[in-house]
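Just so you know, the protein sequences line up as chains A and B, in that order. Quick note on numbering: the working numbering labels position 130 of the first sequence as 130, and the sequence is numbered without any gaps. To convert, count from 1 in the second sequence and add 1000; that's the working numbering.
Just so you know, these hints were derived from the structure itself, not from any lab. Ideal Cβ placement from N, Cα and C applies to all residues, glycine included. Each hint can be trusted.
The following residues of chain A were derived to be distant from chain B, with all beta-carbon distances above 12 Å:
hint: 1; residue: 4
hint: 2; residue: 19
hint: 3; residue: 23
hint: 4; residue: 55
hint: 5; residue: 62
hint: 6; residue: 66
hint: 7; residue: 67
hint: 8; residue: 69
hint: 9; residue: 83
With a Cα cut of at most 30 Å, we get these calculated DSS-like pairs of lysine-lysine:
hint: 10; chain 1: B; residue 1: 1069; chain 2: B; residue 2: 1038
hint: 11; chain 1: B; residue 1: 1076; chain 2: B; residue 2: 1041
hint: 12; chain 1: A; residue 1: 5; chain 2: B; residue 2: 1007
hint: 13; chain 1: A; residue 1: 167; chain 2: A; residue 2: 102
hint: 14; chain 1: B; residue 1: 1007; chain 2: A; residue 2: 102
hint: 15; chain 1: B; residue 1: 1007; chain 2: A; residue 2: 167
hint: 16; chain 1: B; residue 1: 1050; chain 2: B; residue 2: 1069
hint: 17; chain 1: B; residue 1: 1012; chain 2: A; residue 2: 159
hint: 18; chain 1: B; residue 1: 1050; chain 2: B; residue 2: 1037
hint: 19; chain 1: B; residue 1: 1038; chain 2: B; residue 2: 1050
hint: 20; chain 1: A; residue 1: 55; chain 2: B; residue 2: 1007
hint: 21; chain 1: A; residue 1: 55; chain 2: B; residue 2: 1012
hint: 22; chain 1: B; residue 1: 1012; chain 2: A; residue 2: 102
hint: 23; chain 1: B; residue 1: 1076; chain 2: B; residue 2: 1037
hint: 24; chain 1: A; residue 1: 55; chain 2: A; residue 2: 102
hint: 25; chain 1: A; residue 1: 159; chain 2: A; residue 2: 5
hint: 26; chain 1: A; residue 1: 55; chain 2: A; residue 2: 159
hint: 27; chain 1: B; residue 1: 1069; chain 2: B; residue 2: 1037
hint: 28; chain 1: B; residue 1: 1050; chain 2: B; residue 2: 1076
hint: 29; chain 1: A; residue 1: 159; chain 2: A; residue 2: 102
hint: 30; chain 1: B; residue 1: 1050; chain 2: B; residue 2: 1073
hint: 31; chain 1: B; residue 1: 1067; chain 2: B; residue 2: 1050
hint: 32; chain 1: A; residue 1: 167; chain 2: A; residue 2: 55
hint: 33; chain 1: B; residue 1: 1012; chain 2: A; residue 2: 167
hint: 34; chain 1: B; residue 1: 1007; chain 2: A; residue 2: 159
hint: 35; chain 1: B; residue 1: 1076; chain 2: B; residue 2: 1038
hint: 36; chain 1: A; residue 1: 55; chain 2: A; residue 2: 5
The calculated label-pair distances, taken between Cβ atoms and stated as ranges, are:
hint: 37; chain 1: A; residue 1: 27; chain 2: B; residue 2: 1108; range: 14 to 24 Å
hint: 38; chain 1: B; residue 1: 1028; chain 2: A; residue 2: 163; range: 33 to 43 Å
hint: 39; chain 1: B; residue 1: 1024; chain 2: A; residue 2: 59; range: 24 to 34 Å
hint: 40; chain 1: B; residue 1: 1084; chain 2: A; residue 2: 59; range: 31 to 41 Å
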Amino acid sequence: MNSRKVARLALLSAISLILGLIESRLPPLLWFVPYVRLGLANVVALFAIFTDGAKVGCFVLTIKCVLVSLLSGNPVALIYSLTAGLISYWIQYALIRYLLGKISVITVAFIGAAAHNFTQLIIAALIVGVDLTSLAVLFLPASAVAGLFTGTVTYLLVKRLPVSLLKDGKTNHGGDANERF
Amino acid sequence: MTDRVDKLRSSKPFSLLDAVIIVIVSLLCLVPLFIPKKTGKTVSVTYRGKTSVYELSADRIIDFDGKIKVEIKGGKVRVSESDCPSHTCVARGYVSNAGETIVCLPNDLVVRVSGEEIDAVTGGGV
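Pulled out of the complex, with its shape left as it was, chain B reads as follows:
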């Protein structure tokens, strides 16, 4: 009875079926692109546990203790400056669709775009 080691050593490394599978899976990866998106209206920023909500329609820059800055411009939001080591948050760029977020773990910051109007009771929507 052959076992897996023998089987691998005696079979071809790559075949047509493999190429087909890889192509199909790669195409599946593109599916997320086609999900319909809602434009965001407000953004909630949670810094160190405290959340504040802003309208995306008003351009502004919000500075958190001088360590990290969030900029709203032209209906979109981004992290414009940060003192974190990897700057992944800055590299994310602008987001504007409902549900999109930017996270900076070292600074404990979560920026979340919402498609709802500011709700006076809960302070945020979606």
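Chain A extracted, bound-state conformation:
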């Protein structure tokens, strides 16, 4: 861990945090389905899997969830967002690590978004006792569309940004195919 790495991590976290805060202030995508958002902040974590590896992405995601929930004055949301975020993140990481050549980032993000919101439904069912069925039918497709969007954004970022921004061979080697977290 050197200072460049710390700076990079801080930068990614800051970007994710700002995106998350803006999103939390905007109304949900569909007015009758609460809490479904575009998930732009998750682009950063997914992006980090490619450029900096699993640990950095996980850290960025955790920081974002904790700080957004505290700063937006909604600490209860942390249970949902952190659990769903971590589960969705590690599913996406596993897909990328083992299936990258065969599966597109877009699909990975799609699955990630579906997993994220599915987890939120499960937690809601366990804690509040909300029934899954009628909400789920609207909730899941809406979140899946958001996933396609974030996947496309991530793809474009990794593909089009200059390679020198993405990795420099000294502090971050890109997400290494052999990394062990």
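Based on the hints, put chain B in the right spot on chain A.
Chain B only, in chain A's frame:
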């Protein structure tokens, strides 16, 4: 050794396999529609910690401090009016199956439909 960045930049953005996976996952999302549902008989409304139970068979409107109103009509229940900012609770519409709920967080209201008869001891069923 190529790393992920190189791999992504050198591969196609989208393929047949991706389309197939997306279609399958989307179909899985429709599975919840097919779970058999039980029609509800009673509804419990918890407002600010206090719960009261009503029969769905009797039409009525319950007013909570003038801030939020719950309406029972034709065996179904909904939140008819609310002073909350987003009105997600109102937009939910009528619910009538056992286990279904309507929640209004700003007003601290939870409407829960139950498939059981009113139990004199516990005040509610499922």
